[in-house]
Amino acid sequence: MIGERIKQVRKALRIKQIDMAKALNLNPSAISQMESGRTNPSLETISEIGKHYQVDLHWLITGAGQMFNKPELASVRSNGWDKFQKMLNERLEEIVQARLDMLDAESIDIPVTGEIAAGEPMENTGETVEVVTVRRTMINGVIDDYIAMRVNGRSMEPDIRNQDVVLIRQSSEWRKLAGKICAVRIDGEITLKKLMLDDENRMIVLVPLNEDFQPILVNPENHRDITLIGSLFYLFRVLR
1 MIGERIKQVR
11 KALRIKQIDM
21 AKALNLNPSA
31 ISQMESGRTN
41 PSLETISEIG
51 KHYQVDLHWL
61 ITGAGQMFNK
71 PELASVRSNG
81 WDKFQKMLNE
91 RLEEIVQARL
101 DMLDAESIDI
111 PVTGEIAAGE
121 PMENTGETVE
131 VVTVRRTMIN
141 GVIDDYIAMR
151 VNGRSMEPDI
161 RNQDVVLIRQ
171 SSEWRKLAGK
181 ICAVRIDGEI
191 TLKKLMLDDE
201 NRMIVLVPLN
211 EDFQPILVNP
221 ENHRDITLIG
231 SLFYLFRVLR
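Mapping of the sequence shown onto the working numbering: residues 1 to 240, in sequence order.
Treat the hints with care, as some may be off.
Stated by the list, open to error - Label-pair distances were calculated between CB atoms; the ranges are: (1) Ser-171 / Phe-236: 15 to 25 Å; (2) Ala-23 / Val-142: 50 to 60 Å; (3) Arg-136 / Pro-215: 30 to 40 Å.
To be verified - Derived SDA-like pairs (lysine to any residue); straight-line CA-CA distance at most 20 Å: (4) Lys-51 / Leu-26; (5) Lys-194 / Asp-225; (6) Lys-7 / His-52; (7) Lys-7 / Asn-27; (8) Lys-194 / Asp-164; (9) Lys-22 / Gln-8; (10) Lys-7 / Gln-33; (11) Lys-16 / Gly-37; (12) Lys-176 / Ile-229; (13) Lys-22 / Ser-47; (14) Lys-51 / Glu-4; (15) Lys-176 / Arg-154; (16) Lys-11 / Leu-24; (17) Lys-194 / Val-205; (18) Lys-180 / Ile-190; (19) Lys-51 / Asn-25; (20) Lys-194 / Leu-206; (21) Lys-176 / Asn-162; (22) Lys-51 / Ser-107; (23) Lys-51 / Glu-94; (24) Lys-22 / Thr-62; (25) Lys-11 / Pro-28; (26) Lys-180 / Phe-233; (27) Lys-194 / Leu-177; (28) Lys-51 / Arg-38; (29) Lys-194 / Ile-216; (30) Lys-176 / Asp-164; (31) Lys-16 / Thr-39; (32) Lys-11 / Leu-26; (33) Lys-180 / Ile-216.
The set of hints was computed from the structure by calculation and includes no laboratory data.
Here a beta-carbon is modelled for each residue, glycine too, at the ideal position from N, C-alpha and C.
Working from the sequences, and respecting the hints, build out all of it.
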């Protein structure tokens, strides 16, 4: 680790962090952070350590070879310096690429499968129209438990707007999801509403957030298919 080797240089020269920071024109805390591995030194900082303390750059980067340049080699030739710069740039590119690869591995694409009505229920074709990218850490459980759909309508405004994409966590537990915003299928058509249960009248009440719209009263006995798809888990919005 470069930070550990910077510490070795400082210990070998018997200088304090504050003295090294002053010589390199850095904040004293920067030396501590580099030595502990919390931050990586910049290309400029590595170069300055090499020039100011006659540290062998190959050793500083890789740990191989001698810590200090031999006196007769202290003045690095131009072509040798170019090689060091190339090596440093390649190393930095590797670090950046490794970070990007890690971020890619932490993300997952979820297909947006058609539309969900924010108004009267409408049929969902189930066709993939686009994808949304989420971090794996935000997903609870199995990714197959989630579906994404684009909102069509304004009955859930202002909280949920027309053309927002909603991520639904699938569940069929009516009691558990009562009071939450849910996706419900009625005779093959899907709507997004706040789910309420009227036990006295044995009715399902789908409540819009927009006061300009009326609640949908559903008597299960009058429909061949009443299915709870799941509840709202996350909302994606493109600012226009």
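Checked hints:
1. Ser-171 / Phe-236: 15 to 25 Å: Distance hint for Ser-171, Phe-236 holds at roughly 20 Å.
2. Ala-23 / Val-142: 50 to 60 Å: Since the Cβ atoms of Ala-23 and Val-142 sit about 55 Å apart, the hinted range of 50 to 60 Å holds.
3. Arg-136 / Pro-215: 30 to 40 Å: For Arg-136 and Pro-215 the Cβ distance comes to about 37 Å; the hint holds.
4. Lys-51 / Leu-26: OK: Lys-51 and Leu-26 at ~15 Å, within 20 Å.
5. Lys-194 / Asp-225: It holds: about 19 Å lies between the C-alpha atoms, which stays within 20 Å.
6. Lys-7 / His-52: OK: Lys-7 and His-52 at ~15 Å, within 20 Å.
7. Lys-7 / Asn-27: Roughly 16 Å separates the two Cα atoms, so the pair holds.
8. Lys-194 / Asp-164: Given pair Lys-194, Asp-164 holds - Cα atoms ~16 Å apart, limit 20 Å.
9. Lys-22 / Gln-8: holds, 18 Å
10. Lys-7 / Gln-33: holds, 11 Å
11. Lys-16 / Gly-37: With a Cα-Cα distance of about 18 Å, the restraint between Lys-16 and Gly-37 holds, given a limit of 20 Å.
12. Lys-176 / Ile-229: holds, 13 Å
13. Lys-22 / Ser-47: holds, 15 Å
14. Lys-51 / Glu-4: holds, 18 Å
15. Lys-176 / Arg-154: violated, 26 Å
16. Lys-11 / Leu-24: holds, 16 Å
17. Lys-194 / Val-205: holds, 8 Å
18. Lys-180 / Ile-190: Between Lys-180 and Ile-190 the Cα gap is close to 16 Å, so the pair holds against 20 Å.
19. Lys-51 / Asn-25: At roughly 14 Å apart (the allowed maximum being 20 Å), Asn-25 and Lys-51 satisfy the hint.
20. Lys-194 / Leu-206: holds, 6 Å
21. Lys-176 / Asn-162: The hint is violated at about 27 Å.
22. Lys-51 / Ser-107: violated, 41 Å
23. Lys-51 / Glu-94: violated, 24 Å
24. Lys-22 / Thr-62: Distance ~25 Å between Lys-22 and Thr-62 Cα, so the pair is violated.
25. Lys-11 / Pro-28: Answer holds: Lys-11 to Pro-28 is near 16 Å, not above 20 Å.
26. Lys-180 / Phe-233: holds, 10 Å
27. Lys-194 / Leu-177: Satisfied, since the Cα-Cα distance of roughly 9 Å is no more than 20 Å.
28. Lys-51 / Arg-38: The hint is violated at about 24 Å.
29. Lys-194 / Ile-216: holds, 10 Å
30. Lys-176 / Asp-164: Not OK: Lys-176 and Asp-164 at ~25 Å, beyond 20 Å, violated.
31. Lys-16 / Thr-39: holds, 19 Å
32. Lys-11 / Leu-26: The hint holds at about 18 Å.
33. Lys-180 / Ile-216: With Cα atoms ~15 Å apart, Lys-180 and Ile-216 stay inside 20 Å; holds.
When held up to the earlier numbered hints, the structure conflicts with 15, 21, 22, 23, 24, 28, 30 and fits the remainder.
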